[in-house]
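Protein chains in written order, with our numbering: chain A, 1 to 156; chain E, 1 to 141.
The hints are simulated quantities; they were obtained by calculation from the structure and are not laboratory data.
Among the hints, erroneous ones may be present.
[Stated by the list, open to error] Restricting the straight-line Cα-Cα distance to at most 20 Å, the calculated cross-link-like pairs of lysine to any residue (SDA-like) are: (1) E:K114 to A:M43; (2) E:K114 to A:L104; (3) E:K97 to A:L111; (4) E:K100 to E:P126; (5) E:K97 to E:L136; (6) E:K97 to A:P109; (7) E:K97 to A:E112; (8) E:K114 to A:S123; (9) E:K123 to A:E112; (10) E:K123 to A:M43; (11) E:K123 to A:G115; (12) E:K114 to A:T42; (13) E:K114 to A:P103.
[To be verified] These stretches of chain A come out as covered by chain E in the derived footprint (C-beta under 8 Å, 3 or more residues): (14) 16 to 29; (15) 48 to 55; (16) 82 to 94.
[Said to hold, decoys possible] Some, not all, of what chain A presents toward chain E, calculated at C-beta under 10 Å: (17) P41; (18) E44; (19) I61; (20) T119; (21) I120; (22) F124; (23) L128; (24) S132; (25) G135.
Backbone N, C-alpha and C define an ideal beta-carbon position, used for all residues, glycine too.
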Amino acid sequence: MITDDGMLVPDNEMHLQFRSVSENEAFARVAVAAFVSQLDPTMEELTELKTAVSEAVTNAIIHGYENTYGEVRVSCAIWNGVVEIEIEDDGKGIEDVELARQPLWTSRPELERSGMGITIMESFVDELMIESAPGRGTRIRMRKTIASSTKPIGQA
Amino acid sequence: MTGITKVRSLSTVAFETLGSGGKGVFTMPVETTVVDGILLVRLAGELDHHAVESIRQDIETGLESVRHRGLVLSFRGIDFMDSSGLGLILGRYRSVKEHKGRMALCEVNTTLSKLFELSGILKILPVFESEQAAILALKEA
Ligand SMILES: Nc1ncnc2c1ncn2[C@@H]1O[C@H](COP(=O)(O)OP(=O)(O)OP(=O)(O)O)[C@@H](O)[C@H]1O
Ligand SMILES: [Mg+2]
Numbered sequence: 001m002i003t004d005d006g007m008l009v010p011d012n013e014m015h016l017q018f019r020s021v022s023e024n025e026a027f028a029r030v031a032v033a034a035f036v037s038q039l040d041p042t043m044e045e046l047t048e049l050k051t052a053v054s055e056a057v058t059n060a061i062i063h064g065y066e067n068t069y070g071e072v073r074v075s076c077a078i079w080n081g082v083v084e085i086e087i088e089d090d091g092k093g094i095e096d097v098e099l100a101r102q103p104l105w106t107s108r109p110e111l112e113r114s115g116m117g118i119t120i121m122e123s124f125v126d127e128l129m130i131e132s133a134p135g136r137g138t139r140i141r142m143r144k145t146i147a148s149s150t151k152p153i154g155q156a
Numbered sequence: 001m002t003g004i005t006k007v008r009s010l011s012t013v014a015f016e017t018l019g020s021g022g023k024g025v026f027t028m029p030v031e032t033t034v035v036d037g038i039l040l041v042r043l044a045g046e047l048d049h050h051a052v053e054s055i056r057q058d059i060e061t062g063l064e065s066v067r068h069r070g071l072v073l074s075f076r077g078i079d080f081m082d083s084s085g086l087g088l089i090l091g092r093y094r095s096v097k098e099h100k101g102r103m104a105l106c107e108v109n110t111t112l113s114k115l116f117e118l119s120g121i122l123k124i125l126p127v128f129e130s131e132q133a134a135i136l137a138l139k140e141a
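One chain only, chain E, in its complex shape:
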């Protein structure tokens, strides 16, 4: 048993040395808060297929608590994202729309914009500079 533990911590160290900055390679923290009836999700770390699998359910559970009225995804803490992240966004868009709710994105850097542009997400979802602006826009709708 001790052997297994040791190997594990060694590989974690190796990952951190290789440049993930020690942030969330194995766990994908997601912080959800409700602001004025709108679910604000602060995504962080690396949004790939591995991470997305667990985070999808967290968002859906949060959405139920606000009856899918509004969803803001903040990308401020994202270090890496690939098409799995696009799938997560489009999937949530579908589920919010189904319930006639509204959705917005915010704090998107240039690398992410490129992915959003390629996939057509910029055509269907509004992007705001700050969380406050995104929440305000959904509230007023």
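Isolated chain A, as found in the complex:
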């Protein structure tokens, strides 16, 4: 939407910031699902978004911070029926993003990781962008169109 002074802003947005502990995996996906509910998504769309968020937050905790103290940030914006979610950590970063995107590739097989997280994210959202550099953290951006949402939030 366009504000009174002519700025292009999302129809709605929210930001979360939390500690890198595994309890917050459920917190983050449930919070995002509750926020997105205003677009009246189907159960399937909601489950897909929850799963994608869970994957990204879990990766931040396990791989980004390797289960040590850190901050994870999640933001969520709605642009005319499109949900845009960012999940960000200041952890160790990814050396080779192309390799990380390969199905079944994991750097931590000893933790019983299956290397499917990024593949699941890719198949459950419309667009997935990964920005990462060693020592500089990781930012995942995903976009998904919610089919039922025809009119922008905040308009009658």
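Based on these hints, arrange chain E with the ligands on the given structure of chain A.
Same frame as chain A, now just chain E with the ligands:
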């Protein structure tokens, strides 16, 4: 001390309001039974990284009691699962196979099937509609 307790119960309420249905966000109940020498595990609640950490050991302990002969995982009570659940399944598959035992899955809904398909689990593990069918199949093997 009372302050801490209060905050805790408040956040639990908030979670339940947000749609977990009040079921097992903080605890992941797992029911294990032995049927004809085969370990039947009824998974319930949300199978994510947080939940999987404690449940892995429960299953392994159960497997030892049946000497890894057979394992059936039932997904009937699962409300949510991500790749951490896939890791749990594949990890148990490895440990059962190592002991020359057999394993099957059952009561899998369409959302879960999608994850199993993506990860190739459907190619290595049989899926049955009911617990009885899964147990029978392992017994006859
Ligand atoms: N936030 C992150 N920080 C650092 N490394 C990451 C991050 N996210 C992903 N990676 C790297 O990318 C690899 C692939 O991630 P992906 O989620 O696909 O698999 P996984 O987490 O290893 O296994 P699974 O998700 O199936 O449990 C990881 O093993 C890790 O090396
Ligand atoms: Mg992962």
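Evaluated hints:
For a cut-off of 20 Å, the pair hint linking K114 (chain E) to M43 (chain A) stands: about 15 Å separates their Cα positions. Between K114 (chain E) and L104 (chain A) the CA atoms are separated by roughly 16 Å; this keeps the pair inside 20 Å, and the hint holds. Under the criterion of a C-alpha separation no larger than 20 Å, the hint pairing K97 (chain E) with L111 (chain A) is consistent with the structure, at around 18 Å. This hinted pair checks out: K100 (chain E) and P126 (chain E) have alpha carbons roughly 16 Å apart, not beyond 20 Å.
Between K97 (chain E) and L136 (chain E), the direct Cα distance comes to roughly 19 Å. Compliance with the 20 Å bound is thereby established for this hinted pair. This hinted pair checks out: K97 (chain E) and P109 (chain A) have alpha carbons roughly 17 Å apart, not beyond 20 Å. A distance of roughly 16 Å separates the Cα atoms of K97 (chain E) and E112 (chain A); the hinted pair therefore holds under the 20 Å criterion. Between K114 (chain E) and S123 (chain A) the CA atoms are separated by roughly 10 Å; this keeps the pair inside 20 Å, and the hint holds.
Taking the CA atoms of K123 (chain E) and E112 (chain A), the gap is near 19 Å; set against the 20 Å cutoff, the hint holds. For a cut-off of 20 Å, the pair hint linking K123 (chain E) to M43 (chain A) is broken: about 27 Å separates their Cα positions. A hinted pair counts as satisfied when its Cα atoms are at most 20 Å apart, and K123 (chain E) with G115 (chain A) qualifies at roughly 17 Å. Our distance criterion of 20 Å between C-alpha atoms is met by K114 (chain E) and T42 (chain A), whose separation comes to about 17 Å.
Between K114 (chain E) and P103 (chain A) the alpha-carbon distance is near 15 Å, which keeps this suggested pair within the 20 Å criterion. With 6 residues bearing a CB less than 8 Å from a CB of chain E, the segment 16 to 29 of chain A meets the requirement of three and the coverage assertion stands. With a threshold of 8 Å between beta carbons, the proposed coverage of the segment 48 to 55 of chain A by chain E holds, since 4 of its residues qualify and at least three are required. Remark: the segment 82 to 94 of chain A is not confirmed as covered by chain E, as 0 of its residues place a Cβ nearer than 8 Å to a Cβ of that chain, below the required three.
Hint status for P41 (chain A): violated, given a least beta-carbon distance of 12 Å to chain E, over 10 Å. A hinted interface residue such as E44 (chain A) counts as satisfied when its beta carbon comes closer than 10 Å to some beta carbon of chain E; here the least separation is about 7 Å, so the hint holds. Satisfaction of the interface hint for I61 (chain A) is found here, the shortest Cβ-Cβ separation to chain E being roughly 7 Å, below the 10 Å cut-off. This hint holds: T119 (chain A) has a C-beta 6 Å from the nearest C-beta of chain E, less than the 10 Å allowed.
The restraint placing I120 (chain A) at the interface with chain E holds, with a minimum CB-CB distance near 6 Å, inside the 10 Å limit. Hint status for F124 (chain A): holds, given a least beta-carbon distance of 9 Å to chain E, under 10 Å. With 10 Å as the threshold, the beta carbon of L128 (chain A) stays out of range of chain E, its nearest partner Cβ sitting at about 14 Å, so the hint is violated. This hint is violated: S132 (chain A) has a C-beta 18 Å from the nearest C-beta of chain E, more than the 10 Å allowed.
The criterion of a C-beta within 10 Å of any C-beta in chain E is not met by G135 (chain A), whose closest approach is roughly 24 Å, and the hint is violated.
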